[in-house]
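**Student:** Residue numbering for the sequence shown follows my numbering, starting at 62 and increasing by one per position.
To be clear, the hints were calculated from the coordinates, so they are not data collected in a lab. Model, not experiment: these values are computed from the prediction. Heads up, a few of these hints could be off.
[Said to hold, decoys possible] With a Cα cut of at most 27 Å, we get these calculated DSSO-like pairs of lysine-lysine:
#1 K540 / K277
#2 K217 / K399
#3 K834 / K868
#4 K317 / K772
#5 K900 / K833
#6 K889 / K845
#7 K628 / K540
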Amino acid sequence: MESDQNHNKHQEEPQLPVGHGLDAGSGSESTYKTIALEGMYQSWFLDYASYVILERAVPDVLDGLKPVHRRILHAMREMDDGRYNKVANIIGQTMKYHPHGDASIGDALVQLGQKELLIDTQGNWGNTLTGDSAAAPRYIEARLSKFALEVVFNPKTTEWRDSYDGRNKEPVALPVKFPLLLAQGVEGIAVGLASKIVPHNFNELIEASIRYLQGKEFEILPDFLSGGMADFSKYNNGLRGGKIRIRAKIQQTDKKALTITEIPFGTTTTSLIESIVAANDKGKIKIKKIDDNTSDQVEIQIQLVPGVSPDQTIDALYAFTNCEVSVSPNSCVIYKGKPHFMGVDEILRISTDDTVRLLRRELEIQREELEEQWHFASLEKIFIQERIYRDIEESETWEAVITTIDSGLEPFKKLFKRAITRDDIIRLTEIKIKRISKYNAFKADEQIRNIETNLEEVQNHLDNLIDYAINYFRQIRKKYGKDRERRTEIRSFDTIEASLVAVANAKLYINREEGFAGTSLKKDEFVCDCSDIDDIIFFRDDGTFMVTRASEKFFTGKNVIHIEVFKRNDERTIYNMIYRDGRGGNNYVKRFAVVGVTRDKDYNLTRGTEGTRVLYFSANPNGEAEIVRINLRPKPRLKITAFDYDFSTLAIKGRGSKGNTLSKHFIRKIVKKEEGISTLGAIDVWFDPSVKRLNNDQRGNFVGAFEGDNKILALMQSGDYRLIGFDLSAHFDEDLLHLEKYDPDTIITAVYLDGNQNLWYIKRFKAEETDKKTRFISEHPQSKLITVTTRQRPVLQVMMDEKKNEKQAEDLVIVAEEFIGEKSYKAKGKRLTNLAVKKVKWLEPLPADDEPEDMEKQEVEQPEQHENIAPAGIEKTKVKPEKAEITPTPPPPLPRKTSGKTKPDQPQHKKEKDAGGQAQMSLFD
62 MESDQNHNKH QEEPQLPVGH GLDAGSGSES TYKTIALEGM YQSWFLDYAS
112 YVILERAVPD VLDGLKPVHR RILHAMREMD DGRYNKVANI IGQTMKYHPH
162 GDASIGDALV QLGQKELLID TQGNWGNTLT GDSAAAPRYI EARLSKFALE
212 VVFNPKTTEW RDSYDGRNKE PVALPVKFPL LLAQGVEGIA VGLASKIVPH
262 NFNELIEASI RYLQGKEFEI LPDFLSGGMA DFSKYNNGLR GGKIRIRAKI
312 QQTDKKALTI TEIPFGTTTT SLIESIVAAN DKGKIKIKKI DDNTSDQVEI
362 QIQLVPGVSP DQTIDALYAF TNCEVSVSPN SCVIYKGKPH FMGVDEILRI
412 STDDTVRLLR RELEIQREEL EEQWHFASLE KIFIQERIYR DIEESETWEA
462 VITTIDSGLE PFKKLFKRAI TRDDIIRLTE IKIKRISKYN AFKADEQIRN
512 IETNLEEVQN HLDNLIDYAI NYFRQIRKKY GKDRERRTEI RSFDTIEASL
562 VAVANAKLYI NREEGFAGTS LKKDEFVCDC SDIDDIIFFR DDGTFMVTRA
612 SEKFFTGKNV IHIEVFKRND ERTIYNMIYR DGRGGNNYVK RFAVVGVTRD
662 KDYNLTRGTE GTRVLYFSAN PNGEAEIVRI NLRPKPRLKI TAFDYDFSTL
712 AIKGRGSKGN TLSKHFIRKI VKKEEGISTL GAIDVWFDPS VKRLNNDQRG
762 NFVGAFEGDN KILALMQSGD YRLIGFDLSA HFDEDLLHLE KYDPDTIITA
812 VYLDGNQNLW YIKRFKAEET DKKTRFISEH PQSKLITVTT RQRPVLQVMM
862 DEKKNEKQAE DLVIVAEEFI GEKSYKAKGK RLTNLAVKKV KWLEPLPADD
912 EPEDMEKQEV EQPEQHENIA PAGIEKTKVK PEKAEITPTP PPPLPRKTSG
962 KTKPDQPQHK KEKDAGGQAQ MSLFD
């Protein structure tokens, strides 16, 4: 019991008992201290943990700042005179409040400056894109931004406390009237917990605060200064367990080069290049050269090895390098003196509510100050106009003066909003004779009326506080929201399967005699190229197969009949097989695909009868069905000993099916007689605009049924077109405007603004087959594509700009094929009009059956029109122009297809045609 009591006592407070002993050297009595460790960890470590959490690593939810950032800003406010101060001087000033050394203060100050919100910087503050560090504090300067001065500080509403040494006062929390924590983001590691809040967009936060005050729903998503693309589908409101996938923006310059223009949050060009070089050294990707041309904008040039697919390399960069990173947010903040885990929506609500509270307090203080001004102005008016100051001439003592003035004011006390105090009377005695002699009653009344007007305005704001707060946020956005548009593109990402995009960096060999395969058996039979992360599938002559990971050496068995790289979920690779069931059983034939299996597990393709043997086996990457010659063992009364079998007559079924009976007789020999063709038909391809990728699982808009060398026509907002193979790994430009299945006879009609002449042109052309991106508008940097269509026989309405044209101009309706003939994509085209154009839009096209026989012969060259005279092919109309911005107008979309894959006995997809007879599709309506 005594021991337990002592234990509890030690837990309450660590003891430092003092004992006595003898000095071993001198034998004299000496004093020494014995420190009891029992209970010390619990008490002292908890104090340390609490200190780190509350005073070092975790931000306060109200002002969004860690203590070091708060103290830096407070010190800068004390120093502020509108001019820049040396960072070394700011660090010294901050050390009055932050007792943790100049290095930590300097690093925190540089972080604040690089976020481009609260601090205006001057000098070399480093580069967050390249990772270059800032210059020494003695060389760089800083001052508070105008935004910080307006939004962050107000001594009248600030709660103060003593600094660590008691010599100064520092703010408990700065009165920030803005969701600063979400705008800047923060990261900190404390004891037992960590906080990671990513930055959000300035304008979107203000809009969310306004919507919250209006009682509407809102959603806020991160935005990074480094740009890039991000998938926020698993953001989880910024709470623990969420994940953000961020990708660099990679553009295909040409067939041999890629350019990285934006990098993921948390990376630098240096670390990104290092990860690319490491992936290249490991053989995951193949690059020839990499150059970093980054300055104020990211530009990393990647030269590819000849023969390497740019699209596959882009996917490989995302799969194996820091071109794609994952960030796991963990929103932990200090709220009411304790750490709390709360989502970003809740943080915004708390911040907005606190902003409303601060605005109310500011208005209340302003009202109190105005009431004091009104009170004294009224006192002064009565004191001077009623000549009360003359009554004090005969007063001999100070108290008599006070009493005399108080008596003189007695008749007027009921006019005041509060009692007249002794201090009020003393202030009246301090009025100078000069002011009394020059007192202007008219100006005094005007001043009082102005004060009363201001009081009414302040009271109105208090009565309509929410509207006042909404207007406050709008003013902040108007003043400081310019050039703060979203930089990170919100996207949805497909999962990239690493084995499908990895470069073949190894060779697969097999030793059939010993029953082993692998990448290290270089003296044995070569199978194929592979990567070290590929899966390998091998089939045995007993009808079993297995999928395993590629490695230097793995066991297969001595009876392997086929081995290759396995592509998971590949439904187009079809295996044709003939097997005998048991030693004397029937012979069966089957066609099947291997889609999804468990690695390193044996699967049986037959009925499992002992003695079963595979007689014929072939792998067909596109579902080919060959013809084979079957030779039977002769025996009495067997008339037919040989016959042909066509695999195309057999349906494709699951790998577990028994198959169809081929023959009940013993098969002596099977020989391939004729190569087959694919029985799978064309591949139905869809385009998913959310991820800007092709797919064959019916996500997004149906593009068409593709086979052979069919291509896709892609039109870009930049005025370029590309012809792309229907490879599902194809990447498309960010400004993709329209795509469809390429038809060599399709005529593209485009309207563009020529930057050189600042005039509108129209042109009609066919896309010429080329592997390069092709420009079809003028090369002038100010030229821009207005609208484009691939519809047959389009009709265009041209709406004039009434404000810019001197004369009243009527709108035009142009039949494109009558206005201009088909030319090369290099042709400039024909001018729409000499007048100012407001906008254009496509009307319903002409019927296809009314098409003229020869457009080229019907075209008549028109002289330049100096007035609004409609040449051939143009009709005048008085349709009033709509007030809308000029935007590219793609043609109407083709309805989505809902059917599955094409079977051999099913009809192909048929495109629905418009009035012009040509299939149309716009993927971004």
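**Student:** Check the structure against each numbered hint from earlier and tell me which ones fail, lowest number first.
**Tutor:** Those not satisfied are hints 3, 5, 7.
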